[in-house]
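Enquirer: Spelled out from the first residue to the last, the chains are:
2 protein chains.
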Amino acid sequence: MEPIRSRANARLKAARKLQAKRNRLTAGLFLAEGEDIVEEALAAGILPAESFLAAGRPPDAALAARLERGGPVHLVADDLLAELGSLGHPARVIAVFRIGDLPARAGGDLGVHLHRVIDPGNVGTVVRAAGALGPAFLSLSPGCSDPLSGKGVRASMGAVFRVAVDHGEAPPEGLRRVALVPAAERSLWQVDLRSPTVFVVGAERHGLPEELVSSADEVAAIPQAAGAESLNAAAAATVALYEAVRQRAAPG
Amino acid sequence: MEPIRSRANARLKAARKLQAKRNRLTAGLFLAEGEDIVEEALAAGILPAESFLAAGRPPDAALAARLERGGPVHLVADDLLAELGSLGHPARVIAVFRIGDLPARAGGDLGVHLHRVIDPGNVGTVVRAAGALGPAFLSLSPGCSDPLSGKGVRASMGAVFRVAVDHGEAPPEGLRRVALVPAAERSLWQVDLRSPTVFVVGAERHGLPEELVSSADEVAAIPQAAGAESLNAAAAATVALYEAVRQRAAPG
Numbered sequence: 020m021e022p023i024r025s026r027a028n029a030r031l032k033a034a035r036k037l038q039a040k041r042n043r044l045t046a047g048l049f050l051a052e053g054e055d056i057v058e059e060a061l062a063a064g065i066l067p068a069e070s071f072l073a074a075g076r077p078p079d080a081a082l083a084a085r086l087e088r089g090g091p092v093h094l095v096a097d098d099l100l101a102e103l104g105s106l107g108h109p110a111r112v113i114a115v116f117r118i119g120d121l122p123a124r125a126g127g128d129l130g131v132h133l134h135r136v137i138d139p140g141n142v143g144t145v146v147r148a149a150g151a152l153g154p155a156f157l158s159l160s161p162g163c164s165d166p167l168s169g170k171g172v173r174a175s176m177g178a179v180f181r182v183a184v185d186h187g188e189a190p191p192e193g194l195r196r197v198a199l200v201p202a203a204e205r206s207l208w209q210v211d212l213r214s215p216t217v218f219v220v221g222a223e224r225h226g227l228p229e230e231l232v233s234s235a236d237e238v239a240a241i242p243q244a245a246g247a248e249s250l251n252a253a254a255a256a257t258v259a260l261y262e263a264v265r266q267r268a269a270p271g
Numbered sequence: 020m021e022p023i024r025s026r027a028n029a030r031l032k033a034a035r036k037l038q039a040k041r042n043r044l045t046a047g048l049f050l051a052e053g054e055d056i057v058e059e060a061l062a063a064g065i066l067p068a069e070s071f072l073a074a075g076r077p078p079d080a081a082l083a084a085r086l087e088r089g090g091p092v093h094l095v096a097d098d099l100l101a102e103l104g105s106l107g108h109p110a111r112v113i114a115v116f117r118i119g120d121l122p123a124r125a126g127g128d129l130g131v132h133l134h135r136v137i138d139p140g141n142v143g144t145v146v147r148a149a150g151a152l153g154p155a156f157l158s159l160s161p162g163c164s165d166p167l168s169g170k171g172v173r174a175s176m177g178a179v180f181r182v183a184v185d186h187g188e189a190p191p192e193g194l195r196r197v198a199l200v201p202a203a204e205r206s207l208w209q210v211d212l213r214s215p216t217v218f219v220v221g222a223e224r225h226g227l228p229e230e231l232v233s234s235a236d237e238v239a240a241i242p243q244a245a246g247a248e249s250l251n252a253a254a255a256a257t258v259a260l261y262e263a264v265r266q267r268a269a270p271g
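Heads up: the protein sequence lines correspond to chains S and G, in order.
Each residue of the first sequence is one higher than the one before, counting from 20 in this note's numbering.
Each residue of the second sequence is one higher than the one before, counting from 20 in this note's numbering.
Chain S on its own, in the form it takes in the complex (with noise of 0.2 Å):
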């Protein structure tokens, strides 16, 4: 197979414009790098739509055979497939998959709603600690990174394709609310997370928007030291993630 040595390349190109979340939203694609994370969609059962993979360094040819079965599979000259990438360390692979293989969210009663959290590695770090911690589901209020860009696919380490995200200004009915507040007087071990529970997190500074307190059953706090800053929206999310786990494997 002779490898796309140009920029101009007509999938090539295509596939770089999946680096905009605009275009991905038309395109229903996205991007991921590197063969872990290609490794995990393929274990959850999804296959990529194409592959581009580095001429000069190629992923084993197993690998480069399983993704064959989603579809074509092109070798790329290695700088060409490092622009495509967003990776410091160019990967050797690099797949592009249907959106709309993702997991739906089909009930579930553990989740997190993220509130105007911009920061990608953030937002990929709480998919990360969904998929690990749960499975809880994702939910995205306008505003957040988009879980699918090159940062947040990495970030995630392939959770992506497990984790179901829906999107939303507000949580998703049925569940209850539990809003994350530093100040909050209950603390978060205090406040019974044993039935469906979705917890609301904001952004460090600048926190939630009242109306998403003031709805919330319940708001709690993760007990902090005097004068620390607050921790991040991906830890406040993971530890939330883990009290729920610890009281529904240990009820009393």
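Just so you know, these hints were derived from the structure itself, not from any lab.
It is possible that some hints are incorrect.
What the hints assert, rightly or not - To spell it out: a stretch of chain S is covered by chain G in this simulated footprint if at least three of its residues, at any positions, have a beta carbon under 8 Å from a beta carbon of chain G; those stretches are:
id, stretch
1, 142-152
2, 168-182
3, 236-250
4, 257-267
Stated by the list, open to error - Selected chain G positions facing chain S (in silico; Cβ < 7 Å):
id, residue
5, Gly153
6, Met176
7, Trp208
8, Ala245
9, Ala247
10, Glu248
11, Ala254
12, Val258
13, Tyr261
Just so you know, even glycine gets a beta-carbon here, dropped at the ideal spot from N, CA and C.
Got chain S sorted already, so can you dock chain G onto it with the hints?
Expert: Chain G alone, transformed into the frame defined by chain S:
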């Protein structure tokens, strides 16, 4: 005051050298970028040895006056200040602090020992969590990323000025060692963390070496969903510190 406009300026050159760990250790100095981080230092009672302000958009005069109590304050052409920094979005202030002014560990009944965690963001995030959820001390094995790197100080959100950091191949003596191992039989919440405790945490891919696991007093898991990538070192350490705080607040 005439701003520094030459890259060859001796003060600026000396400060730029502090971007390398070797030079930080030789000089006993490190850099902190951004008004929020510098404010954390001042709040902890630590004054800079020297400060550099963006000539084109200096921070407010009151901050400059407070920095001057520590040592000389220089105005610097914005592009030269950006070169001294490590942030995508350049800071208005970069200050030089003395490593010897940072808090030293004096006992402490809660800590985290990191084993060969090379990611600067992860190490800085653990420093931040130790500041927020303790206060706890940190112990770093050889091979860990330097928490006084630009990225480390930034990720700590200034908690480096309040958290004592030790260095050693093993955790300090005199505390119960609780090693976090994803496959451990006991869950973290089943381990009594109310006596003086140091958590032992490895890097996500490589985990902990056998000797650190076998020398631990307890081995505990943060239970995770089947098939999930494990939590990263920063998330695991944050959850562990939370669990210790929870048990100590609500004994029984």
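Enquirer: Determine for every hint whether it applies to the structure shown.
Expert: Going down the list of hints, with the structure as the test:
1. 142-152: n = 6 at 8 Å, threshold three: holds.
2. 168-182: holds (count 4)
3. 236-250: holds (count 9)
4. 257-267: With 6 residues in contact (Cβ-Cβ under 8 Å with chain G), the coverage given for the stretch 257-267 of chain S holds.
5. Gly153: For Gly153 of chain G, the interface hint holds, since the closest Cβ of chain S sits about 6 Å away, which is under 7 Å.
6. Met176: holds, 5 Å
7. Trp208: Holds. Min distance 5 Å.
8. Ala245: Result: violated, 9 Å to nearest chain S Cβ.
9. Ala247: Holds. Min distance 4 Å.
10. Glu248: holds, 5 Å
11. Ala254: holds, 5 Å
12. Val258: Where the cut-off is 7 Å and the nearest Cβ of chain S is about 5 Å from Val258 of chain G, the hint holds.
13. Tyr261: holds, 5 Å
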